Amino acid sequence: MSLRCAFITGGMGLLGINIIVELLRTTTARLVVLVRDLSDEKRAKFMQDLRAFSAGSWPDGGERSRIELIGGDVAQPGMGLSPALCDRLVPEIDRIYHAAALIKLMGHESEVVATNTGGTRNLLDFATQCRERGRLDWVVHVSTAAVSGDRQGTILERELDAGQHFNNPYEKSKFDAERIVESYRAGGLNVLVMRTSAIVGTVAAGTTNNYNMFYLLLRFLSEGVFEHIPIPTDAHFNLVPVDAAAKAIVLISHAAHEENKNFHVVNPHEINVRHLLESVSGYLGVAKPRFDAEDGITFHSFEGMRGALLHVFYPYLTNRKRFDMQNTDAALNGQPFEWPRIDDALIRTLLDFCLDSGYLRRRREERHETRAHHA
Amino acid sequence: MSTRERRPAGELTAAEKTTVNRVLAAILRVPVAEIAGGNLLRDDLGMDSVQAIECLAVLEKELRLVVDPERAFDVKTVDDLYALLQASARQGREP
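Chains as they are written, first to last, in the working numbering: chain E, 5 to 379; chain Y, 184 to 278.
None of these hints come from the bench; they were simulated from the model.
Given the structure is predicted, the values throughout are model-derived calculations rather than measurements.
C-beta: ideal position from N, C-alpha, C; glycine also.
Don't take each hint at face value.
Below, a sample of chain Y positions facing chain E; criterion: calculated Cβ distance under 8 Å [unchecked claim]:
#1 233
#2 239
#3 255
Lysine to aspartate or glutamate pairs mimicking EDC-like chemistry, simulated, CA-CA at most 20 Å apart [to be verified]:
#4 Y:244 / E:231
#5 E:108 / Y:253
#6 E:108 / Y:231
Far from chain E by the CB rule (all over 10 Å, computed), these chain Y residues [stated by the list, open to error]:
#7 194
#8 200
#9 211
#10 228
#11 243
#12 259
#13 271
Looking at chain Y on its own, in the form it has when it is part of the complex (with noise of 0.2 Å):
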């Protein structure tokens, strides 16, 4: 959460797409399996305004990322959500 080293996240794992995934469906009661690269976020999964900001901010934790709150306006699908994770900066030095 604080400023450290930063480089660029890049392509998202496997492992850091199920992280996605089960964020987004603790967070919106759905089940898992409900969760799609297509989906609408407010109009097919009911994410508010609310649940949006927690989202990325659960996420920016999990995955040691940096989100741009600007960009988070942006977000309208969950392949858009996935983009943005993929465009934010990771904290600490390459491994």
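Okay, chain E solo, but in the shape it has when bound (with noise of 0.2 Å):
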């Protein structure tokens, strides 16, 4: 069946617009977009962002007009939205991409379990509507890697809840919006989950909308403020370009004969933590973190804000875990897709975009300017 009618949610965010590029690109789908926020300020910025992530594929602005955006909130119940509209919507949406989330992994517990987890179970209701009064397939469910917890070893597809603890309320989050996808999967609802890892910008041009996860930890070490992090040394991220996980999620998302199954969309190729770290050090201009463990110190003996600041991010600093990819692999095999390798030729391209857009400041530049200034 061809696609006719998509709905999005989290339209606005690094990962759903880049989806949506992905489905004009590859289908001739009216998109449906909720959206919180409808004002001008926020319409400008969505186009805006749709051109930048589309690189001017469409300079006549034609596919930009099957495209409609819908003001609601997936935290809401009915996701905020009117009877009438939910009546237009209801008979017309053939598919649902749910990428609404939100990505907070210090404090602002309840919104991330409004957003997330109930966001999921009112989307999910909705998506119930359209499959017994509409001509709905299936739901596209984006989740993340990290519903894996603090669980080591090989991550398999079909696993979810292994007794793992989580790192922080967004995890958990995540994960009990799984439990309740399994739940709606029982009573016949066909929901494809995608559990992404980090999300990173465009591979060609390190685009991103969104200086979540990945760009707080370079926001930190680009301020020098970790002189000291004890890291295994087999330890590894996984970043997917954005571009790379919209295209692979749409994709797997086109495959009919895909029931109820999880995706693992990760990058095989992982890059080595401490490189990475040295890496953008170097490039950033400030002194590289020392690895070891030494005289005794741990993670637990670091303290302050700093401290704090590592207890966030120390789970994905020493990350081992490996994802099985069976599912992922088998759905995209014979397509037109490679995943990127991240070399250090990507990372200087996602730092570029940081630097040029003022995210980020070289140190070095910034001392250079002292010096200058001085003499």
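Using the hints, put the two chains back together into the complex; each one sits in its own frame.
Below is the structure:
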């Protein structure tokens, strides 16, 4: 069945807008996008981001006329949609891409739960109506590989609850959302779960509209606040450029035979954490942190504001888990898709975008400027 | 950053206050001259939550302090920031 009308949540977000770009590229479907704020300012920002991520693919703007922005909020009952709007949309929607999520590693627990867990339930209630009264084929639920929490070793796509603990309320909220997905699957709804690893900017230009997670770490590194982080030599980061993640998700979602499966949308090309931090520090002109455990210092020895920050990032800096990709590999087999390699060149592309946008500053230049000023 | 000997930070020296203002100005991208004790960090200087954490982490390192993260939420003005730093523990022995 060709896709005629897709409903997208989280369309203002980094992954959501790239899913929209990919759907514009690969389908002729009308795209109904749920956004919390329909102000002129936000509409303009949406169109600006759409142009940035589509890299000028549609100079006449014709493709953009396929997009309908509607106001609502997944965290609200019924997603805040009026009964009239709901009645209009329910029979039209073929597929739902649920990318709305609040990614906060620090605090904001009630907001995170309301959006990520409550929002998923509200969305699936709406999806159930679309299936029962309309022509919905399936829901694509964007999750995170971090639902595996503190597990180590190999994480299978089919697994969810293995008795793991969670490193922060965000991970728990997404785990709980997947438990809700399981209950709706049991009720007959077909839901494809896409668990992504850390999403970063685009391959070509490092473009991002969001500086969460990995970018916060870059920011604190750029300020040189971490002098010492004991990191195992074999710890690795799993980063997926957003254009690759969106393309993989949309390609998998078009495969009609994939019923109620989970997919690890993670990068088979990982990057060693020590190497990554050395590369970033070197490029930004800050002293690289010391990585060895010395004088009996452990993670728990760290305190103060920097200790609190390390508590947030440490589980990701010491990650040694691996993700099974059997379902993902099978769905992408034979498709025009390649996972981008996370090498120094790509890291520099990501950093250059951050430097150009003013999110990061290069410390070496600052010192040069200071010296020049004193001279 | 790690557990070491501690002593109360006490009154910030003039040089340390200069450091605080310089760090604030650099993170907030405003001229140092715009930093004044009564300034509201969020409303007057445009500080967001990430910048607040960043600022305290950098000052903790530069001034060799250990700042209580729980008390960071009480900081509303530049003077509050000075007070928090003065109430923090300083790393190392008495000089």
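Verification of the hints:
1. 233: holds (7 Å)
2. 239: Cβ of residue 239 of chain Y sits 4 Å from chain E, so the hint holds.
3. 255: OK, holds: residue 255 of chain Y within 8 Å of chain E, min 7 Å.
4. Y:244 / E:231: holds (9 Å)
5. E:108 / Y:253: The given pair, whose Cα atoms are some 18 Å apart, holds under the 20 Å limit.
6. E:108 / Y:231: holds (14 Å)
7. 194: Holds: least Cβ distance 20 Å, greater than 10 Å.
8. 200: With a cut-off of 10 Å, residue 200 of chain Y remains clear of chain E, as the shortest Cβ separation is near 19 Å.
9. 211: holds (12 Å)
10. 228: holds (16 Å)
11. 243: Given a closest Cβ separation of 5 Å, the condition is violated.
12. 259: The claim stands: residue 259 of chain Y keeps its Cβ more than 10 Å from every Cβ of chain E (closest is about 17 Å).
13. 271: violated (8 Å)
The structure is inconsistent with the numbered hints 11 and 13, although it conforms to all the rest.
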